[in-house]
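Chemist: The residues making up each chain are set out below.
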Amino acid sequence: MKDIFFDLSVRSVKLNFLRSLLASIGIVIGVVAISSMGMLGTNMQLMVKDQLTTGINTIAITPDVVRAEPGASVSSNTGITDIQLREIRDAAGINEVIPIDRTNTQFSIGSNDGRGSIYGLDPADIKNIMNVSEGSTIRGESDAIVGATIASRFNLLIGTRIKIGEPNLSVTRPVVRVVGILSSVGLSSSNGINSDNAIIVSDTWYTAQFGGGNVYDQVNVNLKDVSTLTEVEDAIDKKVNRNKQVVRISDSSSRITSVSSTLSSLTTFILAIGSISLLVAATSIFNVMMMSVSERVQEIGILLSIGTETGEVRRMFLYEAFILGIIGAVIGGIMSIIIGYSVVSAMIGNTAYFFLPESIIYIPAGMFIGMIVCIVSGLYPAWRASNMDPIDALRNE
Amino acid sequence: MNGTPLIRFADVSKVYHLESGDFTALNHISLDISEGEFVALMGPSGSGKSTMMNQLGILDVPSTGEIHIAGKNVASMTNLERTHMRRDVIGYVFQKFYLIPLLSAYENVEYPLILKYKKRDTTGRAAAVLKSVGFDEAMSTHRPNQLSGGQQQRVAIARALVNDPKILLCDEPTGNLDRKTGFQIMDILVGLHKEGKTVILVTHDPKIAEYAHRTIQLEDGRVVES
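Protein chains in written order, with our numbering: chain A, 8 to 404; chain B, 825 to 1050.
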C-alpha cells in the first residue's frame, strides 16, 4: 500500500526543497564526520597492531619462583636445566631456541665503576636477537658487546677494556674487550632482554667466570610464525610443566592489548568530536521540522478536523524527518567513502586496511546514527503538530 | 419527529476563560435537529454561530450540558472516537474551502476514504462523487491553488460527501463565492438534502437562508428564534 501520509511528506519535502536540502547537508556532514573519524581511528589501530605484531614473535621462558619446602635447603641452582632445555627444544619444533645466562654485577672501566647485567649468549644466536649498530659481533673468547646506554654513559669505544666482577683486592678481575655496540632498544624490547644496560659476552666465557654450565637463567623461543604463539606456549607448558610449575612462559602480547586499548580510547575520543557535528545537524533538522509544522498549522487543522487521527498526523511529520534523514545518510555514506579514503591515505599513508569490515562498518554505522538523529529530532515537532487544537489551527492564517 | 433526534443539545453552555474575564459563547441552549432537516443558523457576528458549529462538528465539547449526536454523548467519547465520528458521520464544508494544498483535487476527495479504509480508493467512489457535484474531470489532477473558488468548493463538498455522512455542516459555504456560483453551490446542497442528508448551514445572507426549511436565530449565545 502506498501511504498517503508518506506521499504528503514527500511533497512537503519537495515543496521546500532548498530548506530540506540544507537540513540534510547537516546530516551529511555529521555522517561523514562520524564515518571518517571512525575509519581513521580503526585504520590507525589496525596498522599499529600489525607493526607491533612483528616484534612479539618471542616467547621468554624463565624459572618459576622457587618456593622452599619448610626444612629443605633452598637450592641455589634456580635456573632452567639442560633437561628442561631439551624439552623446550622438542616442544618448540622448528622454532629457534636461545638459552641465555644472566647475572647482575659490578664492572669497571678505567677508574669508573658501574653496575649492570651480564648476558651470556652463544655468539651464533646474537645476530638473531640483537642489532649491532657499531663494530662486530663476538668472535673471540673475551670479546663483548655493550648496550647503547652503557656505551654512551662510559664513553665506550670499540677496543675499550672492561673489568667484570666485584672489586676484590686479592683477585685480578677478568677483562673483556668491547667489539660492538648495540643499537638502542628502549622499552620496546620484546624478548625479555634489556640490552641497553647490558654487557653481552659469549656463553663459554660466562660459564668460565660465573659457572652454571648446564643451567640457564632464561630461554627464548623465536617463532617463525607469530600466529602459532599460543600453540607453542601450550606445547612447552605441557612438556616442561607436566608435573609441577617449574618455568614461567611469557610473551609481549599483553602489550599489544594495552596499546590497542589506548588506541581504541583515542578512536572513541575522535568519534565523540565527530558526534558534535551530528548534534549541530540535529538542531538544524529540529529547526526545519518546527518550521514545517508552524508553516502548516492550518493544514494540520484541516487534517484533524476532517477526521485524521493524531497518530496519522504524527506519522506524517516523522516521515518527513525520516526522508531528510535518508537523503542525508545516503549522500553522507557515499561521501564518507571518498572523504574517509582521502583522510586515511593522507594521515596514515596506508589504505590497506580501509576496506576491511572493521573499518568500512563505520559507514553504515554513521548512516544509521544519522538517521536515528533525524527521527529523534523530528519527535517533538511531530508530537506538537498532532496535539494541536483543530479549531485554533484552522483559524491560523 | 420519529424516535431520538439526530442531534440534541440539552442545556448546553460554552464558557471561554479569557484574560479579560469569562466569555459565555453559548448560554443554556437546548434544541433538537432531526434527521433530514435543512437548518440555517443565523445571527450577527459574536452571537455564537462558530462556537455552535464547533460543537456540532465535535471539534469541541460543551462546558456544561450534554450534546448527543447520532445517539452518542459527545463529552463521554474518547478523542479517537470523536475523530472517527468526524470522519464517518459528519461532512464539513468551510467558507474558505480548506482543501489540503499538497493534494490534487481528486486526492482531496479520496483522502477521507483513505482515512477510513486505510488504503487507496479502488472502487471509483471518489471520482463518482467528484462528478456528482459537477466537477470537471479534466481538472481532477490540479492542485487547489490552480482551481477557482467555485471549483474548490465543489471539491470540498465532494470531500465532505465521500464517506456518506449523515450530517453536512456548511459554514458560510457561499461566503467566498460570487453570487451566481453561490447559488450553484446552494443547488447542490438542496439536491443533497433531497437525497436525505441533514444539512446545517451557517449564513449571514437571508437569500441563502431561504433555501433552508428551518432557521435558528442566535443572539449573544442564546436561541432567539427556532
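The hints are simulated quantities; they were obtained by calculation from the structure and are not laboratory data.
Careful: at least some of the hints might be erroneous.
Calculated pairs, DSSO-like style, for lysine-lysine (alpha carbon to alpha carbon, straight line, at most 30 Å) [stated by the list, open to error]: (1) B/Lys955 - B/Lys943; (2) B/Lys1004 - B/Lys940; (3) B/Lys940 - B/Lys955; (4) B/Lys1004 - B/Lys943; (5) A/Lys21 - B/Lys940; (6) A/Lys21 - B/Lys943; (7) A/Lys231 - A/Lys245; (8) B/Lys942 - B/Lys1004; (9) A/Lys251 - A/Lys231; (10) B/Lys1031 - B/Lys1018; (11) B/Lys920 - A/Lys21; (12) A/Lys21 - B/Lys1031.
Computed beta-carbon distance windows for the label pairs [to be verified]: (13) B/Ala962 - A/Val17: 18 to 28 Å; (14) A/Tyr387 - B/Phe1007: 32 to 42 Å; (15) B/Lys896 - A/Val383: 51 to 61 Å; (16) A/Tyr387 - B/Val839: 23 to 33 Å; (17) A/Ser282 - B/Ala962: 51 to 61 Å; (18) B/Tyr840 - A/Lys21: 32 to 42 Å; (19) B/Lys1031 - A/Ile382: 17 to 27 Å; (20) A/Ile382 - B/Thr946: 24 to 34 Å; (21) B/Leu842 - A/Tyr387: 51 to 61 Å; (22) B/Gly845 - A/Ser282: 49 to 59 Å; (23) A/Val383 - B/Asp1011: 15 to 25 Å; (24) B/Gln970 - A/Tyr387: 43 to 53 Å; (25) B/Gln970 - A/Ala359: 52 to 62 Å; (26) A/Ile382 - B/Phe1007: 45 to 55 Å.
Treat the numbers as computed from the prediction; the structure is a model and nothing was measured.
By construction, the Cβ of each residue, glycine as well, lies at the ideal position given by its N, Cα and C atoms.
Chemist: Now look at each hint and say whether the structure bears it out.
Modeler: Results for each hint:
no.	hint	in the structure
1	B/Lys955 - B/Lys943	holds, 21 Å
2	B/Lys1004 - B/Lys940	violated, 34 Å
3	B/Lys940 - B/Lys955	holds, 21 Å
4	B/Lys1004 - B/Lys943	violated, 37 Å
5	A/Lys21 - B/Lys940	holds, 27 Å
6	A/Lys21 - B/Lys943	holds, 23 Å
7	A/Lys231 - A/Lys245	holds, 20 Å
8	B/Lys942 - B/Lys1004	violated, 38 Å
9	A/Lys251 - A/Lys231	holds, 28 Å
10	B/Lys1031 - B/Lys1018	holds, 19 Å
11	B/Lys920 - A/Lys21	holds, 25 Å
12	A/Lys21 - B/Lys1031	violated, 44 Å
13	B/Ala962 - A/Val17: 18 to 28 Å	holds, 25 Å
14	A/Tyr387 - B/Phe1007: 32 to 42 Å	violated, 48 Å
15	B/Lys896 - A/Val383: 51 to 61 Å	violated, 39 Å
16	A/Tyr387 - B/Val839: 23 to 33 Å	holds, 32 Å
17	A/Ser282 - B/Ala962: 51 to 61 Å	holds, 54 Å
18	B/Tyr840 - A/Lys21: 32 to 42 Å	holds, 40 Å
19	B/Lys1031 - A/Ile382: 17 to 27 Å	violated, 54 Å
20	A/Ile382 - B/Thr946: 24 to 34 Å	holds, 32 Å
21	B/Leu842 - A/Tyr387: 51 to 61 Å	violated, 28 Å
22	B/Gly845 - A/Ser282: 49 to 59 Å	holds, 52 Å
23	A/Val383 - B/Asp1011: 15 to 25 Å	violated, 53 Å
24	B/Gln970 - A/Tyr387: 43 to 53 Å	violated, 34 Å
25	B/Gln970 - A/Ala359: 52 to 62 Å	holds, 59 Å
26	A/Ile382 - B/Phe1007: 45 to 55 Å	holds, 51 Å
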